[in-house]
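Let chain A serve as the given structure and place chain B on it in line with the hints.
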Amino acid sequence: MNSELNLNSNLALSFQSEIKIRSDKLMNYFLIGFFLVGMIFALFYDTWLIAFGVGGLSLLAYYSVKIALPDSTLYQYVLSAVLAIFMAQFIYQMHGLFEMHFFAFIGSAILITYQKWKLQIPLALVVVVHHASLGYLQNIGVPNV
Amino acid sequence: MHWPRVSMIFYIWLSVIKPLSVVTRINVKQTEIEVKKSIVIIWLILLFSAIGALFWYNEWVYHLPTPIPKNYKPVDQGKLIKLSGALEADHSKPLFLHFFNPDCPCSRFNISNFKLLVKQYGRQVKFVIIVMNNKFYTAKQIQDKFDLDVPVLFDASIAVSCGVYSTPQAVLLDAGHKLYYRGNYNSSRYCTDEKTSFAKIAIAGLLNNHARLVFNPLALRAYGCSLPNCKR
Chain A
1 MNSELNLNSN
11 LALSFQSEIK
21 IRSDKLMNYF
31 LIGFFLVGMI
41 FALFYDTWLI
51 AFGVGGLSLL
61 AYYSVKIALP
71 DSTLYQYVLS
81 AVLAIFMAQF
91 IYQMHGLFEM
101 HFFAFIGSAI
111 LITYQKWKLQ
121 IPLALVVVVH
131 HASLGYLQNI
141 GVPNV
Chain B
1 MHWPRVSMIF
11 YIWLSVIKPL
21 SVVTRINVKQ
31 TEIEVKKSIV
41 IIWLILLFSA
51 IGALFWYNEW
61 VYHLPTPIPK
71 NYKPVDQGKL
81 IKLSGALEAD
91 HSKPLFLHFF
101 NPDCPCSRFN
111 ISNFKLLVKQ
121 YGRQVKFVII
131 VMNNKFYTAK
141 QIQDKFDLDV
151 PVLFDASIAV
161 SCGVYSTPQA
171 VLLDAGHKLY
181 YRGNYNSSRY
191 CTDEKTSFAK
201 IAIAGLLNNH
211 ARLVFNPLAL
221 RAYGCSLPNC
231 KR
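Just so you know, the sequences run in chain order A and B.
The first sequence runs 1 to 145 under my numbering.
The second sequence runs 1 to 232 under my numbering.
Calculated directly from the structure, the hints in this document are not laboratory data.
Among these hints, one or two may not hold up.
Claimed, not checked - Here are the simulated PhoX-like pairs of lysine-lysine, each with C-alpha atoms no more than 20 Å apart in a straight line:
1. B:K200 / B:K115
2. B:K36 / A:K66
3. B:K119 / B:K145
4. A:K116 / A:K66
5. A:K118 / A:K20
6. B:K79 / B:K93
7. B:K115 / B:K126
8. A:K66 / B:K29
9. A:K66 / B:K37
Chain B with its partners taken away, still in its complex shape:
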């Protein structure tokens, strides 16, 4: 045996090769952690982008107009609307029909807005809620939702007569029951935009004897829930 040679090899192994292999192992582990961290960061970016996209999608859905039904017949402004029952005989005041579906989120959004209209114009205009839903509700249940004592009807044929195919929709008839306005309450989902408070503008126009107001498409193109099940 050449002891000096063996000891030399052992010395080299101990002082150079072993530390090097330890360093390499540490480096590999560190690289693995770095790669893992990068993947996690990308994963987080994806998740947070998806959260942003969800918020955006939810907003976008509410900005789409309601699909027009296949057999829809538009009803022109100024047309005489034939009503039935107690409404038919009542020509004392202009008539405001609020088409309401308790299952429709948009309908629920504007409850407070409708209440404000009733509070402001309740003496000059007769307000009626028309419930557009196949489920069973009593008039009292609907009145409780609004906290108002206004007549509630469940006659869906009124919607067809007025050309309504979504909720919430406002229909304003003059005292002679001619259609003055049929459309949205507001361009804003929560009815907060005063400039586009179309229903209010229509009532003010009728009460101030403006023969005919011209509304922009945002007022007349129906937005909201389709009838009767608000699937879109």
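In isolation and in its complexed conformation, chain A is listed as follows:
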């Protein structure tokens, strides 16, 4: 009975570990892709500082936490926030272009690969705070928002 339980638990652990490894690998491609998309958007309005600065700092945040605390899941939560920051970056770079808001959904869909619902929280928080604060500023008539 005990050995059967242990076997099941080992299988579950190995399955989770597989998911983590596969998802981490995928994120390397997605993050580099997002960074390059920022470069392409910079061509429209010369937002190179934002593309290199914000994109670069976001990547630095993700990879530095992943390297410093490899056994912790903190880097996955950082990744979630970073995907939301990329959305904000793209909206900024394209002067609020409506279509750029869909990067929030793309980010959310990408995170599903980790099979962990809690990872949606940082992304949702950043998106809500970003939209609510800028929406409020627009509504009270602050210029240039």
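Chain B only, in chain A's frame:
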């Protein structure tokens, strides 16, 4: 040998000292992880603050007025502007000069706004694009950027005559070629603020025969890219 004493010591070591040392080792490792976590959190706060600061800095830069050139001579409202070529002879309509630099982000921001002005007032006002750039462009290339069929000139001396030292800038001359307005299109970078659509207000004022409109400093103080290389 005092076997009972030895066994007693061994018993104490096994039951008290060894577990204690294991607990201490675990505690040290846990403390190390906690310290590491705290450092990482501080590091993340720094990085995210830097990201916020970058956004703020980028906005702030665009709110700074363009530095006034050393030899700049201001041109007063109402002054007769001497033009050359075909423009000089054309006194049929008021003349709207759009100073445009393809390399200037601000210039590109307001392309759609300029197109709207042409669409709205194209019959009553003659619109001309003055290209302020040292690179080689053809008139067709510039017209394609605007998707408009308006005259394009490459004469930078017109900017000096009108007192223009940045892009994008609007200059409105009445039919007699007297300066009616020289300034910004809008206080908003993307020309979205209707209340400060200065160029549009100026055209409406001229067409409604208002002798002279008084504009606030936000309209007349030049914002945008310096000439000709938009370094600031």
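Are the Cα atoms of K115 of chain B and K126 of chain B separated by 20 Å or less?
holds, 13 Å
Holds or violated: K118 of chain A with K20 of chain A, Cα cutoff 20 Å?
holds, 15 Å
Regarding the pair K116 of chain A and K66 of chain A, is the alpha-carbon distance no greater than 20 Å?
Holds: K116 of chain A and K66 of chain A sit about 17 Å apart, inside 20 Å.
For K36 of chain B and K66 of chain A, compute the direct alpha-carbon distance and say whether it is at most 20 Å.
holds, 12 Å
CA of K66 of chain A to CA of K37 of chain B, is that 20 Å or under?
holds, 12 Å
Straight-line Cα separation of K200 of chain B and K115 of chain B no greater than 20 Å?
Status holds; Cα separation ~12 Å.
Given pair status - K145 of chain B, K119 of chain B, alpha carbons within 20 Å:
holds, 16 Å
Do the alpha carbons of K79 of chain B and K93 of chain B lie within 20 Å of each other, as the hint requires?
holds, 17 Å
Going straight from one Cα to the other, do K66 of chain A and K29 of chain B come out at no more than 20 Å?
Between K66 of chain A and K29 of chain B the Cα gap is close to 19 Å, so the pair holds against 20 Å.
Violated hints: none; the structure is consistent with every hint.
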